[in-house]
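Chemist: Spelled out, the chains give:
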Amino acid sequence: MIQAIDPAHTKRSLLLAIGLLVGLALALATAVLSWEAGAVGLGFALAALAGLAQTCSA
Amino acid sequence: MEGTETRRRWLQRATLYALSMTAAGAATGVAFAAAGAAVSMLWPDMTLPLAVALGAVAFVYALHELEFLRLPVPGRDWQVPADWVREGFYRSAIIFGSTVGFGVFTRVPFATLPILLAWLFASGNVLYGALAGLVYGATRALSIYSSASSQGTDDLVRLNQHLMRLASAGHQVAGLLLAVFAAYLLIAPNLP
Numbered sequence: 001m002i003q004a005i006d007p008a009h010t011k012r013s014l015l016l017a018i019g020l021l022v023g024l025a026l027a028l029a030t031a032v033l034s035w036e037a038g039a040v041g042l043g044f045a046l047a048a049l050a051g052l053a054q055t056c057s058a
Numbered sequence: 001m002e003g004t005e006t007r008r009r010w011l012q013r014a015t016l017y018a019l020s021m022t023a024a025g026a027a028t029g030v031a032f033a034a035a036g037a038a039v040s041m042l043w044p045d046m047t048l049p050l051a052v053a054l055g056a057v058a059f060v061y062a063l064h065e066l067e068f069l070r071l072p073v074p075g076r077d078w079q080v081p082a083d084w085v086r087e088g089f090y091r092s093a094i095i096f097g098s099t100v101g102f103g104v105f106t107r108v109p110f111a112t113l114p115i116l117l118a119w120l121f122a123s124g125n126v127l128y129g130a131l132a133g134l135v136y137g138a139t140r141a142l143s144i145y146s147s148a149s150s151q152g153t154d155d156l157v158r159l160n161q162h163l164m165r166l167a168s169a170g171h172q173v174a175g176l177l178l179a180v181f182a183a184y185l186l187i188a189p190n191l192p
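Same order as they appear, the protein sequences are chains L and X. Residue 1 is where the first sequence starts when you use the working numbering, and the numbers rise one by one after that. Residue 1 is where the second sequence starts when you use the working numbering, and the numbers rise one by one after that.
Think of the hints as simulated: they come from the structure by calculation, not from any bench. All residues carry an ideal CB built from backbone N, CA and C; glycine is no exception. Check each hint, because a few of them may be wrong.
Derived DEER-like restraints, expressed as beta-carbon distance ranges [said to hold, decoys possible]:
#	chain 1	residue 1	chain 2	residue 2	range
1	L	Ile18	X	Pro109	17 to 25 Å
2	X	Val157	L	Ile18	31 to 39 Å
3	L	Leu24	X	Phe105	48 to 56 Å
Some, not all, of what chain L presents toward chain X, calculated at C-beta under 10 Å [what the hints assert, rightly or not]:
#	residue
4	Leu52
5	Ala53
6	Thr55
Work the whole structure out from these sequences, hints included.
Modeler: So this is what it looks like as structure tokens:
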């Protein structure tokens, strides 16, 4: 039996795949630096998103 | 004239709220990074295994934010008591902004904050903890200025409803960024 594809599920799967691929690409691109340098930058992005996201939870 | 004065006082109050929240965010960042620094003085080689373990946790919480599974997000349901906000026009803004800005005393609906704090702990760098905490506090405080043009309760309710509608997109962006962070932490430290 063929089941309908849930667009929301597809979108979430795509976001996960894109995220993992971007993380992999960043790891390879920053391989010449220390791994901490890239993680520090990602930490700042995480900090900004953590702050902005809380706005949607008032 | 009176309207200008009211607006000036509102802006001053909002700015005190924003500055208190930013400072409290920085204090939380410093606290977690300093705790991590103390641990790494006892066990100097812990940063790398901690980072890789955090990568695995970030991956699981990326799945949570993207609704593939349900996990509890560390946080508390405590709210700032209403009588704390009656402590004077300016003082209440400072009390409310700083209490909420610490981030760890109130509700945490997104997994990005606990993962950030865990990363600051793993990094063990106090200056970095302060800067990342400043970024967290300042971006969290920005929303206060979105209500600057609101006229009356109806406008505020509409603004609040609009922000609530963004929550779903917020979870998806959080899931995306956590997936990036997870892949990075799981791969980058292990590259030759």
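Chemist: Decide, hint by hint, whether the structure agrees.
Modeler: Quick rundown of the hints versus the structure:
{"no.": "1", "hint": "L:Ile18 to X:Pro109: 17 to 25 Å", "result": "23 Å, holds"}
{"no.": "2", "hint": "X:Val157 to L:Ile18: 31 to 39 Å", "result": "36 Å, holds"}
{"no.": "3", "hint": "L:Leu24 to X:Phe105: 48 to 56 Å", "result": "36 Å, violated"}
{"no.": "4", "hint": "Leu52", "result": "5 Å, holds"}
{"no.": "5", "hint": "Ala53", "result": "4 Å, holds"}
{"no.": "6", "hint": "Thr55", "result": "4 Å, holds"}
Consistency with the previously given hints fails for number 3 only.
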